[in-house]
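Participant: Chain by chain, the residues:
There are 2 protein chains.
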Amino acid sequence: MDAPEKFVALTPETLPKRLGDLPALTHRLGGDVSRWQVREVGDGNLNLVFIVESPHGALIVKQALPYVRLVGESWPLPLKRSYFEYHALTRLAASDPGIVPVVHHFDEQQAIIVMDYLTPHVILRRALIEGRALPDLGVVMGRYLARTAFRNSDLCMKTRDKKQAVALFADNVELCDITENLVFSDPYFAAPMNRHTAPQLDGLVAILRADRDLKVSAQQMKHKFSAQSETLCHGDLHTGSIMVTETDIKVIDPEFVFYGPFGFDIGMLLANYWMSFFSQRGHEAGGSREMLRRELLDIIVDTWKTFSATFTALWHSERRGILYQSNLFEAQGDGLASDQALHHVLHGIWVDMLGFAGIEIHRRILGLAHNADFEKIDNPDVRAACEARALKFGRHITVNRDALDDLAVINALAARLDQDVVT
Amino acid sequence: MDAPEKFVALTPETLPKRLGDLPALTHRLGGDVSRWQVREVGDGNLNLVFIVESPHGALIVKQALPYVRLVGESWPLPLKRSYFEYHALTRLAASDPGIVPVVHHFDEQQAIIVMDYLTPHVILRRALIEGRALPDLGVVMGRYLARTAFRNSDLCMKTRDKKQAVALFADNVELCDITENLVFSDPYFAAPMNRHTAPQLDGLVAILRADRDLKVSAQQMKHKFSAQSETLCHGDLHTGSIMVTETDIKVIDPEFVFYGPFGFDIGMLLANYWMSFFSQRGHEAGGSREMLRRELLDIIVDTWKTFSATFTALWHSERRGILYQSNLFEAQGDGLASDQALHHVLHGIWVDMLGFAGIEIHRRILGLAHNADFEKIDNPDVRAACEARALKFGRHITVNRDALDDLAVINALAARLDQDVVT
Numbered sequence: 002m003d004a005p006e007k008f009v010a011l012t013p014e015t016l017p018k019r020l021g022d023l024p025a026l027t028h029r030l031g032g033d034v035s036r037w038q039v040r041e042v043g044d045g046n047l048n049l050v051f052i053v054e055s056p057h058g059a060l061i062v063k064q065a066l067p068y069v070r071l072v073g074e075s076w077p078l079p080l081k082r083s084y085f086e087y088h089a090l091t092r093l094a095a096s097d098p099g100i101v102p103v104v105h106h107f108d109e110q111q112a113i114i115v116m117d118y119l120t121p122h123v124i125l126r127r128a129l130i131e132g133r134a135l136p137d138l139g140v141v142m143g144r145y146l147a148r149t150a151f152r153n154s155d156l157c158m159k160t161r162d163k164k165q166a167v168a169l170f171a172d173n174v175e176l177c178d179i180t181e182n183l184v185f186s187d188p189y190f191a192a193p194m195n196r197h198t199a200p201q202l203d204g205l206v207a208i209l210r211a212d213r214d215l216k217v218s219a220q221q222m223k224h225k226f227s228a229q230s231e232t233l234c235h236g237d238l239h240t241g242s243i244m245v246t247e248t249d250i251k252v253i254d255p256e257f258v259f260y261g262p263f264g265f266d267i268g269m270l271l272a273n274y275w276m277s278f279f280s281q282r283g284h285e286a287g288g289s290r291e292m293l294r295r296e297l298l299d300i301i302v303d304t305w306k307t308f309s310a311t312f313t314a315l316w317h318s319e320r321r322g323i324l325y326q327s328n329l330f331e332a333q334g335d336g337l338a339s340d341q342a343l344h345h346v347l348h349g350i351w352v353d354m355l356g357f358a359g360i361e362i363h364r365r366i367l368g369l370a371h372n373a374d375f376e377k378i379d380n381p382d383v384r385a386a387c388e389a390r391a392l393k394f395g396r397h398i399t400v401n402r403d404a405l406d407d408l409a410v411i412n413a414l415a416a417r418l419d420q421d422v423v424t
Numbered sequence: 002m003d004a005p006e007k008f009v010a011l012t013p014e015t016l017p018k019r020l021g022d023l024p025a026l027t028h029r030l031g032g033d034v035s036r037w038q039v040r041e042v043g044d045g046n047l048n049l050v051f052i053v054e055s056p057h058g059a060l061i062v063k064q065a066l067p068y069v070r071l072v073g074e075s076w077p078l079p080l081k082r083s084y085f086e087y088h089a090l091t092r093l094a095a096s097d098p099g100i101v102p103v104v105h106h107f108d109e110q111q112a113i114i115v116m117d118y119l120t121p122h123v124i125l126r127r128a129l130i131e132g133r134a135l136p137d138l139g140v141v142m143g144r145y146l147a148r149t150a151f152r153n154s155d156l157c158m159k160t161r162d163k164k165q166a167v168a169l170f171a172d173n174v175e176l177c178d179i180t181e182n183l184v185f186s187d188p189y190f191a192a193p194m195n196r197h198t199a200p201q202l203d204g205l206v207a208i209l210r211a212d213r214d215l216k217v218s219a220q221q222m223k224h225k226f227s228a229q230s231e232t233l234c235h236g237d238l239h240t241g242s243i244m245v246t247e248t249d250i251k252v253i254d255p256e257f258v259f260y261g262p263f264g265f266d267i268g269m270l271l272a273n274y275w276m277s278f279f280s281q282r283g284h285e286a287g288g289s290r291e292m293l294r295r296e297l298l299d300i301i302v303d304t305w306k307t308f309s310a311t312f313t314a315l316w317h318s319e320r321r322g323i324l325y326q327s328n329l330f331e332a333q334g335d336g337l338a339s340d341q342a343l344h345h346v347l348h349g350i351w352v353d354m355l356g357f358a359g360i361e362i363h364r365r366i367l368g369l370a371h372n373a374d375f376e377k378i379d380n381p382d383v384r385a386a387c388e389a390r391a392l393k394f395g396r397h398i399t400v401n402r403d404a405l406d407d408l409a410v411i412n413a414l415a416a417r418l419d420q421d422v423v424t
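Order-wise, the sequence lines are chains A and B.
Residue numbers for the first sequence follow the working numbering, so the first one is 2 and each next one is one higher.
Residue numbers for the second sequence follow the working numbering, so the first one is 2 and each next one is one higher.
It is worth saying that the hints were derived from the structure and are not from the lab.
One should not assume that every hint holds.
As the list makes no split between identical chains, a pair holds if one copy fits it or if it spans any two.
[Unchecked claim] In silico DSSO-like links for lysine-lysine, alpha-carbon gap of 30 Å or less:
1. Lys306 <-> Lys393
2. Lys306 <-> Lys225
3. Lys81 <-> Lys7
4. Lys159 <-> Lys225
5. Lys18 <-> Lys81
Looking at chain A on its own, in the form it has when it is part of the complex:
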């Protein structure tokens, strides 16, 4: 069997026959494939996702398709993204055990990953739209972000391993290309795939697309995206890539993985919290969302606080890489030198985080891939008002990222904008 197998997409009908021999599956589902129940549930933009259940258990079978599911076969996308996702899942699991679903099987040729079925988890975005927050979110995600950022960088890894990781993920060209275009550039000119709530936002969109400082800032963040290979980034860490119960939080779908800036993932995630915040005015038919709004701002503060504290603790306990070596600092009796270096690194992450956050907000309102947080607001006037506040906020934090030092100030600004009457 030297010839490569031809890729064939799974269906609920063919899946039991095709995967029914694999111990990784039969061990958990039982060998009687006639009792496997298969549903295709992929509602994302790119892949097939099957839930396979039997009386013995349940698993997720995720298969990449050779094109963008959201758009169709006219937009081809290599199956190899499944390979990058697999390697990302492995590394994220090693960096923060328990944070990603356990992988049981990987088939590179058929672009199939078999992993734990998370139940009764729901997508965080859905919970937030429905009005539920999770008190642990900031702590768990802040810790995850710091652990994965620190442990996959030259602060911690052997330099050979880090350079090999950079080379491995540098090949994830097509998915980076999506980010490069859809996130950093398309929103700022009349790109064909853009859409926005019109005509309500037309005026503001024109202002933003003529905003020199904003566009230069967006490109500066793109420059960092493309050339600041500090650590392993999930690459698409929004609230749709997090699954939650009252007591558990899991990160999924790291197929946009790349080596990038320390501040990228955390910036993307905080942006999605801020968007959820600004969207809540459109979801108050069932009652005020004031409490959730406050909780969201608290989650944002907790995320950064925990990120910063965890990164600091790892700096002192696991800094065995080639950067900021202790033999230059602590070993010479100057621990404060190490703190000085740390504070500069954290400051750089902070600034980048704000830059990426603002851009992410813009692309979710002006670009191709919108967030359900806003999309599920039926009244276009209400939706546009929420989106306009978010757009202005995003512009402010990106352009002024060097001058903003305090999340309390930034959140106060969000709260004030949220009460503005948009005209």
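Fit chain B to the supplied structure of chain A, relying on the hints for placement.
Facilitator: This is chain B only, laid out in the frame that chain A set:
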């Protein structure tokens, strides 16, 4: 012949027999190998270098050894660096035609590169020690630095090609490791392979090794070295990697090639000019070097000025990469937005350049690999005085890189330090 050939080092005796069948050589030297004259002339730290001459012509045969020649077999170093050097030579030639020797043959297995013999070229460092400057140096090297920096980056390349280049050169681990240790860290603590002019410099060395701001800055530059993969860097661009005649300038030996910051190569090179400047007081037995000192400072100004002007011209004529796309700026009638972005990019390069320059000066005086500019000053008191001025200058430009905006000011500082009586 599927089995890999075993690596065997060339000798002047075996070279004609081993390479005498290759058309790349016989075409230039003639097929009668009995008339080939072979001399081993490698005086660098790492490799064998042969000049092969015949009545018909002459070639250079460079072969890597599986260890560091300067240190011996106790320090192994992979032959693959020859592969990276070959690919670097190819890319540098494409970016700035004529700047590197023409390659006629590459044997990956035997780590052999056959290329033009440059004659009557001399190593630039030797010319500077002997008191000769070259008026074109600043213009030619500034242009080379800008062309190679710009054309191998996401400003110009297809992003797929750039990411493939990053992955390719990320494997040059061992040579990057040398830079990571010898340049950025060893000089700042009592590393085993360090040496300096003692006891004259002992006091200053202790001060520098206790200098918190300096050490943090050095590690910040190392952070950029390891994670700012903007463009193809030569990696070891000192005045020993440049060969010159009165009318020609060639760059050689890019085996330390890596993807790194725009400001790296230019910072290393200017550092070597400043070191030449500070060393001249030790070479005045044959007469004053005042004229050369002034020429060196002019070369530094010309290099940056030409770099900046060439980079600017390429920004406007060849910016077809994913960064700072013209459809966001010029295509929307806002050319000034593009200039704004350019000026921020150039400012970042400038700051990095100063940071790298100061560190390079330190490692050449405190680390393992010293420069002949200082080493050839026999009187240790005179040498130490020259070195001390350079060390202080290096500390100043690295630590204050954000606050220094003008080469005239920096050069005036160098000139003032150069007249200090060192105690």
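Participant: Work down the list of hints and note, for each, if the structure agrees.
Facilitator: Results for each hint:
Taking the closest pair of Cα atoms, Lys306 and Lys393 come within 30 Å of each other only inside a single copy of the chain (25 Å); across copies the shortest separation is 39 Å, beyond that limit. Taking identical chains as interchangeable, the C-alpha atoms of Lys306 and Lys225 lie at most 30 Å apart whether they share a chain (23 Å) or sit on different chains (26 Å). For the identical chains of this complex, Lys81 and Lys7 are intra-copy neighbours only, at 14 Å inside a copy versus 35 Å across copies, given an alpha-carbon limit of 30 Å. When the C-alpha separation of Lys159 and Lys225 is checked against a cutoff of 30 Å, the pair qualifies both within a copy, at 23 Å, and between copies, at 17 Å.
When the C-alpha separation of Lys18 and Lys81 is checked against a cutoff of 30 Å, the pair qualifies only within one copy, where the shortest distance is 24 Å, while the shortest distance between copies is 47 Å.
Comparing the model with each earlier hint shows no violations; every hint is respected.
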